[in-house]
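Student: Here the protein sequences come in this chain order: R and V.
Quick note on numbering: the first sequence equals residues 1 to 330 in my numbering.
Quick note on numbering: the second sequence equals residues 1001 to 1327 in my numbering.
Hints listed in this document are in silico derivations from the structure and should not be mistaken for laboratory results.
A virtual CB, placed ideally from N, CA and C, is assigned to each residue, including glycine.
It is possible that part of the hints are untrue.
[Stated by the list, open to error] Interface residues of chain V toward chain R, partial, derived using beta-carbon atoms under 10 angstroms:
| id | residue |
| --- | --- |
| 1 | ALA1036 |
| 2 | ARG1117 |
| 3 | SER1159 |
| 4 | GLN1160 |
| 5 | LEU1164 |
| 6 | ALA1200 |
| 7 | LEU1224 |
| 8 | THR1254 |
| 9 | MET1267 |
| 10 | VAL1271 |
| 11 | LYS1274 |
| 12 | SER1276 |
| 13 | SER1282 |
| 14 | THR1283 |
| 15 | GLU1284 |
| 16 | ARG1298 |
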Amino acid sequence: MSGSGYLLEVEDLTVSFATRNGTVLANDGVSLNLRPGETLGIVGESGSGKSVLCRAILGLAKGKVTARRIAFDGRNIDEMQPAERRRLRGSGIAMVFQSPMSSIDPVWTIGDQLVETVRHHKAISRREARVEAAALLDRVGIASSARRLDDYPHQWSGGMLQRAMIALALAGNPRLILADEPTTALDVTIQDQILALLMSLQRESGMAMIMVSHDLGVIAETADRVAVMYAGRIVETADVRDLFQEPQHPYTAGLFASIVAGSGQDKMLMPIPGQPPDLHSLPAGCAFAPRCPRVRDNCHRTVPRVDTTVARGNACLFPLSEALAVEQRQ
Amino acid sequence: MTERASKQPLIAVSHLTVEFAVRSGFGGFRGGARPAFRAVDDVSFFIYPGETLGLVGESGSGKTTVGRALVSLIRPTTGHITVAGKDISNLTRDDRQALPRAVQMVFQDPYGSLNPRFSVERTLAEVLSFHKIVPQVEITAEVRRLMETVGLPASLAASQPRQLSGGQRQRVGLARALAVRPSVLVLDEPVAALDVSIQAQVLNLLRELRATLGLTMLFIAHELGVVRYVSDRVAVMYRGAIMEIGTSSEIFSTPQHPYTKSLLAAMPRLVPEKRSRPPVLSTEVESGIGQGCRFRARCPLAAPICATEPAVVKLSSTHFASCHFAA
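Just need the whole structure built from these sequences, with the hints factored in.
Tutor: Here it is in structure tokens:
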């Protein structure tokens, strides 16, 4: 363990893509920390950069990645040899993707894919790996696992395939799982099963997790801390309870006002006006300014940044809590 | 399933069954009886004028098939659908061409259902002139009026679908459906592909249109919160059949069917608390429908009696559930 006590440290990560219409910053100065065993929820809408962030951490992002530092367990990933970096994937950090149907090879049996992955992490025989593969399927709740190893992916439902994906991720005993919208493609009752599975695996193994979701309900049930992303930047970070009780960034507050809570019809939804930003032509200053109800002149001049060294931070010149404090003082 | 003596229903679906032929690999070459998959199995409901009925269910529940049958994109295998008293289930081709004006459909993916080469203006003008909704000279004005109705700025008239955001495209889809001045809208997952902040815009627009235009709607969605927000009544489907139907408050506050209860319990709550509870249902949907209640393999209340098909139990004048234990 490093001196900082963090399992994962990301400082000032920028991912850019060159497109026909110019350079696009999919991640712009993203910083975050994660302690062992902790779950960080990342919330954001499409194009906010949350998936790119996960891929960049794994070293799989397609664009140009720069960062002051990305460190896993105190070791700077940039300074690792390629072989060490490959080992990190899977046995240090593993990823669960949104769509199991497109991440699992349709022409191989489930068992083949698990055996290959197990043997990638451990020098053992095919036969031994098969036993371990069945044990992994047991762990993720697939009944009569030994028999089902010979099934092809098309014979499994979406929920079962997502379990298989989780089994693949567990094969290397990772200390951090990046779960990118792991339940978005699933039905409500199956989502419920997968979330219960992920949480119980985490309790058993003590692994840390980054849970990426657009669904604040999923975040509420899984995260210890939350980072809210907008237009490639983190705009707010907080303990999950603080965030839900008192969002500080106007975008976070807008998200909460846009979703149908349990109260249903009684509460009128208050949508965020306007459209999500086009990364090709971001406004100067705060990217949320054109849609923000609290916008003032200064917002168009500088890009506010979150201070991620503090427990609670927001990238807003006029955050909500401050206004509240001022009102209360008066 | 509902009775309301005072008003005539605008839409009446009775004993609707839709079967699809299953092509089973090489078996198709060998001839013999093709097995049929019953996507919708004896579904009946009414929708009253000005009312919004929400249709909820997981994938494979048959909710989209019901919607498609309502706009005559699918012909019922058996059963009847009447719109304003007219039976539309066995229309001739010519009859059907006259029909689409009454019932219009809005699809989930506006990108896939809009012509990528047509501007917003052309998309709408095409519909107006094909159905001769307004005289040629008034088409431009009518396009502007439609765009305004759905909250699209006139400056986007020349834009093509790829230049629009998801929310804007869904507004175009809505404007196109409204162009023929329908009395009924069938909306199939209209906000599922949209970001949360845009979802809310479209949902509010739908509520507004319902109030101003007096539209009758069948709102199909898998997300319960969204359905509750726009629906007067809600029907819950499971594997081709309606399990429970009732007013929004009956379904969401006093659900009686174990499947409805499971769906509601499985929904993530907005309460920040790390979950430690076991899943609501431990099993997945199994293949093949046997005898009796179709939910019994997953049902927490399942008992021997469930091997017989449950009757529809009347719980109030608006609330019905298809379960042996509903009371």
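Student: Should the hint that V:VAL1271 touches chain R count as held when the rule is a Cβ pair under 10 angstroms?
Tutor: At about 6 angstroms, which falls below the 10 angstroms cut-off, the nearest Cβ of chain R leaves the hint on V:VAL1271 intact, so it holds.
Student: Quick check on V:THR1283 please, does its C-beta sit within 10 angstroms of some C-beta on chain R?
Tutor: Constraint on V:THR1283 satisfied, holds at 9 angstroms.
Student: Holds or violated: the hint that V:ARG1117 contacts chain R, with Cβ atoms closer than 10 angstroms.
Tutor: violated, 20 angstroms
Student: Would the stated hint for V:ARG1298 survive a check requiring a Cβ distance to chain R of less than 10 angstroms?
Tutor: With Cβ-Cβ at 8 angstroms, under 10 angstroms, it holds.
Student: Using the nearest Cβ pair, does V:LEU1164 come within less than 10 angstroms of chain R?
Tutor: holds, 9 angstroms
Student: With a cut-off of 10 angstroms on the beta carbons, see whether V:LEU1224 makes it to chain R.
Tutor: Holds, because the Cβ-Cβ distance from V:LEU1224 to chain R comes to roughly 7 angstroms (cut-off 10 angstroms).
Student: Does V:ALA1036 hold up as a contact with chain R if the rule is Cβ-Cβ below 10 angstroms?
Tutor: violated, 21 angstroms
Student: For the hint on V:LYS1274, does the least C-beta distance to chain R fall short of 10 angstroms?
Tutor: At about 7 angstroms, which falls below the 10 angstroms cut-off, the nearest Cβ of chain R leaves the hint on V:LYS1274 intact, so it holds.
Student: Measuring from the C-beta of V:SER1282 to each C-beta in chain R, is the shortest one below 10 angstroms?
Tutor: holds, 7 angstroms
Student: Does V:THR1254 hold up as a contact with chain R if the rule is Cβ-Cβ below 10 angstroms?
Tutor: violated, 14 angstroms
Student: When the nearest CB of chain R is found for V:SER1159, is that gap smaller than 10 angstroms?
Tutor: violated, 12 angstroms
Student: Quick one, is the V:MET1267 hint okay against chain R at 10 angstroms, beta carbons?
Tutor: holds, 6 angstroms
Against the hints set out earlier in the document, violations occur for numbers 1, 2, 3, 4, 8.
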